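J.: Kindly generate the complete structure, drawing on both the sequences and the hints.
Listed below are the residues making up each chain.
There are 2 protein chains.
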Amino acid sequence: MKTLWITCLLFSIPIVGGCQMLTRSEQQGSESEYFKVYPIGKIEKKDGRTFIVLDKEYEAGLKGLQKHSYVHVVYWFDRNDTPEKRAILQVHPRGDKNNPLTGVFATHSPFRPNLIAISKCDIISIKENVIEIKGIDAFDGSPVLDLKGDFFRFYKPDTK
Amino acid sequence: MKTLWITCLLFSIPIVGGCQMLTRSEQQGSESEYFKVYPIGKIEKKDGRTFIVLDKEYEAGLKGLQKHSYVHVVYWFDRNDTPEKRAILQVHPRGDKNNPLTGVFATHSPFRPNLIAISKCDIISIKENVIEIKGIDAFDGSPVLDLKGDFFRFYKPDTK
Chain Z
1 MKTLWITCLL
11 FSIPIVGGCQ
21 MLTRSEQQGS
31 ESEYFKVYPI
41 GKIEKKDGRT
51 FIVLDKEYEA
61 GLKGLQKHSY
71 VHVVYWFDRN
81 DTPEKRAILQ
91 VHPRGDKNNP
101 LTGVFATHSP
111 FRPNLIAISK
121 CDIISIKENV
131 IEIKGIDAFD
141 GSPVLDLKGD
151 FFRFYKPDTK
Chain W
1 MKTLWITCLL
11 FSIPIVGGCQ
21 MLTRSEQQGS
31 ESEYFKVYPI
41 GKIEKKDGRT
51 FIVLDKEYEA
61 GLKGLQKHSY
71 VHVVYWFDRN
81 DTPEKRAILQ
91 VHPRGDKNNP
101 LTGVFATHSP
111 FRPNLIAISK
121 CDIISIKENV
131 IEIKGIDAFD
141 GSPVLDLKGD
151 FFRFYKPDTK
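First to last, the protein sequences are chains Z and W.
If you use the working numbering, the first sequence closes out at 160, no skipped numbers anywhere.
If you use the working numbering, the second sequence closes out at 160, no skipped numbers anywhere.
These aren't lab readings, by the way, just hints derived from the structure by calculation.
Be aware that a few hints might be false.
Repeated chains share a single entry, so a pair holds when one copy, or any two copies, can fit it.
Claimed, not checked - Computed list of lysine-lysine pairs in BS3-like fashion (alpha-carbon distance at most 30 Å, straight line):
| hint | residue 1 | residue 2 |
| --- | --- | --- |
| 1 | Lys-127 | Lys-56 |
| 2 | Lys-120 | Lys-36 |
| 3 | Lys-134 | Lys-63 |
| 4 | Lys-67 | Lys-85 |
| 5 | Lys-67 | Lys-120 |
| 6 | Lys-97 | Lys-56 |
| 7 | Lys-127 | Lys-42 |
| 8 | Lys-127 | Lys-97 |
| 9 | Lys-127 | Lys-85 |
| 10 | Lys-45 | Lys-56 |
| 11 | Lys-63 | Lys-97 |
| 12 | Lys-67 | Lys-97 |
| 13 | Lys-85 | Lys-36 |
| 14 | Lys-45 | Lys-120 |
| 15 | Lys-36 | Lys-56 |
| 16 | Lys-46 | Lys-120 |
| 17 | Lys-45 | Lys-127 |
| 18 | Lys-63 | Lys-85 |
| 19 | Lys-63 | Lys-120 |
| 20 | Lys-85 | Lys-56 |
| 21 | Lys-63 | Lys-36 |
| 22 | Lys-42 | Lys-134 |
| 23 | Lys-120 | Lys-97 |
| 24 | Lys-97 | Lys-85 |
Since this is a predicted model, take the numbers as computed values, not measurements.
T.: Right, here's the structure in full:
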């Protein structure tokens, strides 16, 4: 009888511990709402050339991009994904103290609350799931989140 | 003895159930990596005018934006945040069947794997945490994720 109680107790500790973690995690989610962004591919730099290597499952999303001369590449400043770096709201542009302290929303600083980077890049070629682009101010391996072609060359913008 | 076993069994069912959820959730996280983006404010439309109302805590990030004539507004297509809509990879642009089926990465479609929207908007005024912009193809209440001013007017781009 005593042995059974001890067994039950020992068995339940890690289970209850795990459940408390779940609750804490859920509470955080409700305290500050967030959305999920998934990498769709990555930047690859090789022999002075730059490629966007899309995950194969997203290749169908490139249909028609061959007609475009450039693409806006949306990627993630993954090296700065810490609460401390995401809390930075003002920087000296280009990391140069001679440049006046400026709000991150007036800059393209890699320090910002959401680590979204956008670069407009000339398209050199598209082969299956690989796009060669002219150049990008990103590290090799940076996760790519989205691509947006020169849409307004084909369709006029709506502004309401 | 029998009663004790039954009590233990009944007591443990919800605990183990909860933990299975935690495990499943953790497995999903490791199967498909994601990054978190947090709303920093929202779009407000009033009497034909359009405002970006930044959460007060981010106001310091606007320092210097007053000198800029436009801003790239990054927002979230929150109405399409379902796995089904995020799985759409090809669309008829503008929802018009006469437009050929096109990959979402060649369009600005609100259906795409990551629901990131980007609009270049003229700045009318900035007062504290509120920016009046000329217009945007977004719904009232859309969550804003980031702002990027006309940075390259002040600093030349690096391309490596």
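J.: Hints first: check each against the structure and report whether it holds.
T.: Now the hints, each set against the structure:
1. Proximity of Lys-127 and Lys-56 under a CA criterion of 30 Å is satisfied intra-copy only: 12 Å inside one chain copy versus 46 Å between copies.
2. Proximity of Lys-120 and Lys-36 under a CA criterion of 30 Å is satisfied in both settings, with 23 Å inside one chain copy and 23 Å between copies.
3. Taking the closest pair of Cα atoms, Lys-134 and Lys-63 come within 30 Å of each other only inside a single copy of the chain (20 Å); across copies the shortest separation is 32 Å, beyond that limit.
4. In this assembly of identical chains, the alpha carbons of Lys-67 and Lys-85 lie at most 30 Å apart only when taken from different copies (25 Å versus 39 Å within one copy).
5. Taking CA atoms no more than 30 Å apart as the test, Lys-67 paired with Lys-120 passes in both settings, with 16 Å inside one copy and 22 Å between copies.
6. For the homomeric pair Lys-97 and Lys-56, the shortest alpha-carbon distance between copies (27 Å) is at most 30 Å, but the shortest distance inside one copy (43 Å) is not.
7. When the C-alpha separation of Lys-127 and Lys-42 is checked against a cutoff of 30 Å, the pair qualifies only within one copy, where the shortest distance is 15 Å, while the shortest distance between copies is 39 Å.
8. In this homomeric assembly, Lys-127 and Lys-97 come within 30 Å of each other (Cα to Cα) only across copies, at 27 Å, whereas the closest approach inside a single copy is 43 Å.
9. Proximity of Lys-127 and Lys-85 under a CA criterion of 30 Å is satisfied inter-copy only: 26 Å between copies versus 36 Å inside one chain copy.
10. Proximity of Lys-45 to Lys-56 under the C-alpha cut-off of 30 Å is restricted to the intra-copy arrangement: shortest distance 19 Å within a copy versus 40 Å between copies.
11. In this assembly of identical chains, the alpha carbons of Lys-63 and Lys-97 lie at most 30 Å apart only when taken from different copies (16 Å versus 45 Å within one copy).
12. Within a single copy, Lys-67 and Lys-97 get their C-alpha atoms only as close as 43 Å, which misses the 30 Å cut-off; across copies the closest is 19 Å, which meets it.
13. Proximity of Lys-85 and Lys-36 under a CA criterion of 30 Å is satisfied in both settings, with 19 Å inside one chain copy and 14 Å between copies.
14. For a Cα distance limit of 30 Å, the shortest separation of Lys-45 from Lys-120 qualifies both inside one copy, at 17 Å, and across copies, at 29 Å.
15. Taking the shortest Cα distances, Lys-36 and Lys-56 sit within 30 Å of each other both inside one copy (20 Å) and across copies (23 Å).
16. In this assembly of identical chains, Lys-46 and Lys-120 lie within 30 Å of each other by CA distance solely inside one copy; the values are 20 Å within and 32 Å between copies.
17. For a Cα distance limit of 30 Å, the shortest separation of Lys-45 from Lys-127 inside one copy, 16 Å, qualifies, whereas the shortest one across copies, 43 Å, does not.
18. Proximity of Lys-63 and Lys-85 under a CA criterion of 30 Å is satisfied inter-copy only: 18 Å between copies versus 37 Å inside one chain copy.
19. When the C-alpha separation of Lys-63 and Lys-120 is checked against a cutoff of 30 Å, the pair qualifies both within a copy, at 19 Å, and between copies, at 25 Å.
20. For a Cα distance limit of 30 Å, the shortest separation of Lys-85 from Lys-56 across copies, 19 Å, qualifies, whereas the shortest one inside one copy, 32 Å, does not.
21. In this assembly of identical chains, Lys-63 and Lys-36 lie within 30 Å of each other by CA distance both inside one copy and across copies; the values are 25 Å within and 28 Å between.
22. Taking CA atoms no more than 30 Å apart as the test, Lys-42 paired with Lys-134 passes inside one copy only; the shortest distance there is 15 Å, against 34 Å between copies.
23. In this assembly of identical chains, the alpha carbons of Lys-120 and Lys-97 lie at most 30 Å apart whether taken from the same copy (27 Å) or from different copies (29 Å).
24. Proximity of Lys-97 and Lys-85 under a CA criterion of 30 Å is satisfied intra-copy only: 18 Å inside one chain copy versus 45 Å between copies.
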